[in-house]
Amino acid sequence: MPRHRPTRATLGWHVAYWLLCTVVFVFLLAPILVIVPLSFNAGAFFTYPLAGVSLRWYREFFTGVQWQRAVENSLIVGIGATVVATSLGTLAAFGLHRVRLPFRQAIVVILLSPMVVPVIITGVGMFYVYARIRLANTLGGLIVAHAALGIPFVFVTVGAVLSTLDDNLVRAAASLGAGPVRVFRAVVLPLILPGAVSGALFAFVTSWDDVVVALFLAGPRQHTLPRQMWSGIREFISPTLLAVATLLIVISIGLMLVVELLRRKGERLRGVMG
Amino acid sequence: MSVTDSAGTIVDAGRGRVLRVSLRRAERAQQVRALLLVLPAIVFLLVTFIVPILSMLVVAVENPELREVMPRTAAAMMGWDGTGVPSPATVATFVRELRQATADGSIGKVARRLNYSIPGFRSVLLRTGRSLPPAETSDADLLALLAGIDSHWAEPPYWLALKGAAPAVTDFYLLAAADLRRDARGTIVTAPPDQAVFVTVFARTFWVSLVVTASCLLLGYPIAHLLASLPPRRGNVLMILVLLPFWTSVLVRTTAWLVLLQREGVVNDLAVRLGITTARIELVHNRFGVYVAMVHILLPFMVLPIYSVMRRISPQHMRAAATLGARPFLAFRKVYFPQSVPGVTSGCLLVFVLALGFYVTPALVGGGSDQLISYFIALFANEIVNWGMAAALSAILLGIVLVLLATYRWLVRGELLRLG
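Protein sequences appear in the order of chains A and B. The opening position of the first sequence corresponds to residue 1276 in our numbering, with each subsequent residue numbered one higher. The opening position of the second sequence corresponds to residue 1045 in our numbering, with each subsequent residue numbered one higher.
It is worth saying that the hints were derived from the structure and are not from the lab. Quantities reported herein were computed from a predicted structural model and do not represent experimental measurements. Hints are not guaranteed to be accurate.
Stated by the list, open to error - Restraint-style ranges between C-beta atoms, simulated for each label pair:
id, chain 1, residue 1, chain 2, residue 2, range
1, B, Q1383, A, H1372, 29 to 37 Å
2, A, V1533, B, L1282, 42 to 50 Å
3, B, L1448, A, L1464, 35 to 43 Å
4, A, F1378, B, G1123, 14 to 22 Å
5, B, L1368, A, L1544, 37 to 45 Å
6, A, F1378, B, G1230, 47 to 55 Å
7, B, F1381, A, T1282, 13 to 21 Å
8, A, Q1380, B, F1381, 31 to 39 Å
9, B, L1254, A, G1287, 23 to 31 Å
10, A, W1288, B, L1282, 18 to 26 Å
11, B, I1162, A, V1533, 53 to 61 Å
12, A, H1372, B, L1446, 54 to 62 Å
13, A, L1387, B, I1162, 40 to 48 Å
To be verified - Counterexamples of contact, computed for chain A against chain B with all Cβ distances above 10 Å:
id, residue
14, T1285
15, V1290
16, G1355
17, R1446
18, V1487
Glycine included, C-beta positions come from ideal geometry on N, C-alpha and C.
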């Protein structure tokens, strides 16, 4: 006969389980929850209670010449790298979609390799060669490097969306008289767009967050936001860094929400059509 | 299609052949189109990523300095058997080329290379070069002349180091990265204790990665279980709590832990106020800080794979086990856990491999004795500027990562076969 009566041991496990889960969620969120209010501290210390609420550290960030240049560099490099990675990665995903190719395995390995190689090796290797061809200490070099890092993310995301694409839709459109370009524009593109945009956002975040490659390839004039933060942390942790961190967290939340929405929209589109 | 009369068969076979040919042609055209689409990305990655890394890794076995600056000495050294000191003719070649290299300034390159083999060789070589008399002396006197400038020239080790720098390909850096070297007879021996650092660093990298992986599993497994067993709506809300740190940059989170854990930070404040400690504790710039920050950064990489596997485990299995009389713990151990193992394996592998290559977090949150292998790669590339060592350490790290990933693929393939 099955016995369901909760024993004391079972109860103990349950309490331990819930306690552990709560602790882990607090652990996961604690840094973010503590940092954000501290960035509004009127004083220069990193403790509670706050000395008062003020925007002085944000003012420091928005008026700092070095910070402004860092933001500008980060945007130029991030957008440049995203454009390159998204176009190359999307084309590659289309190329490998349902086509039997010789050396397919090798091609996929090359496309995914930037995800696998430890980033310090990427940074050192690129520096070794880029310095020789005068690409080190240029924004162009940084764009190229970040684009390489972003390609696998675009390739994987777009590839995943393509693999769920219903080929009957393409055939139906073609049988109704649409040419290949029209089929692509009217049927394929709307279906894969959410995936492609997610891939582009991943590529942008890869560039936006990178500090290791920038440590090797960016001179003082090419400092990106994370690279500038790194210098700040190394010298002296000022509350301005917390203001920057808070702004970066806000941007992360925004990007995360967009990607989540796109994912759900993509699922809904395919759900309705399939 | 039935084939009754002979004429029809011929026609059909002919059509079949035409069809096969045109099908193959179409497939060929499709492949060409596919290659054209893939090519830009492949070429871009080869040029900007793969070739640079490979050409850096090759430096680990290159030995160009002596051959470029003192080609005749290098050739003569290759002919010397390595016993005692070289012949007077070899010494004469060396002195001639040393004089010339000192005059045109190219000696610095060789001096730096030889200093890797024997610390202090650089200054000996530079001083010897400066102290050489300008005129030629007879061969017999040259060794005595060198020994007069620096007594090391009378003994074999410096000459052996010179011989070691002569071949085009060397295992010097790779051996050094494993705390090994070749002795006078060419056998591989362990390096003297004061120069042996890298085995310790590799062991530390492994240990830290192991502790971080185990902690992530311990903390991540219950979370993944909770997320997978909640109804989707509430599960999704909690999922955001895991995804939010995942999307926040590593640098931002490392900064956050630095601020939280420092002596005057929030955690110490709380501990003192709650009376847990009276004195403030060092929580950062040590191993503890490295563990906390790395576990925080890598935890989502553990939770997400386990969660995606757990979602596919049917809750009916646990109910069936309970109906058959299994207590919850037994049912979990015999029914639920085995099904979640694929997620655990991929989560552990992912976290372990990522931890092996960590640089930013230990560099900012760790102390001097908490630095992992990446730190030394950066140090050799950026500050010491010894590309041979940077390349050798990179090659070993990359080798370890690739072997782990290959093993994983092999394991997963076996597992899939067993399941299906």
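Going through the hints against the structure:
no.: 1; hint: Q1383(B) - H1372(A): 29 to 37 Å; verdict: holds (32 Å)
no.: 2; hint: V1533(A) - L1282(B): 42 to 50 Å; verdict: violated (20 Å)
no.: 3; hint: L1448(B) - L1464(A): 35 to 43 Å; verdict: holds (39 Å)
no.: 4; hint: F1378(A) - G1123(B): 14 to 22 Å; verdict: violated (45 Å)
no.: 5; hint: L1368(B) - L1544(A): 37 to 45 Å; verdict: holds (44 Å)
no.: 6; hint: F1378(A) - G1230(B): 47 to 55 Å; verdict: violated (41 Å)
no.: 7; hint: F1381(B) - T1282(A): 13 to 21 Å; verdict: holds (20 Å)
no.: 8; hint: Q1380(A) - F1381(B): 31 to 39 Å; verdict: holds (33 Å)
no.: 9; hint: L1254(B) - G1287(A): 23 to 31 Å; verdict: holds (29 Å)
no.: 10; hint: W1288(A) - L1282(B): 18 to 26 Å; verdict: holds (20 Å)
no.: 11; hint: I1162(B) - V1533(A): 53 to 61 Å; verdict: holds (59 Å)
no.: 12; hint: H1372(A) - L1446(B): 54 to 62 Å; verdict: violated (27 Å)
no.: 13; hint: L1387(A) - I1162(B): 40 to 48 Å; verdict: holds (43 Å)
no.: 14; hint: T1285; verdict: violated (6 Å)
no.: 15; hint: V1290; verdict: holds (12 Å)
no.: 16; hint: G1355; verdict: holds (13 Å)
no.: 17; hint: R1446; verdict: holds (15 Å)
no.: 18; hint: V1487; verdict: violated (6 Å)
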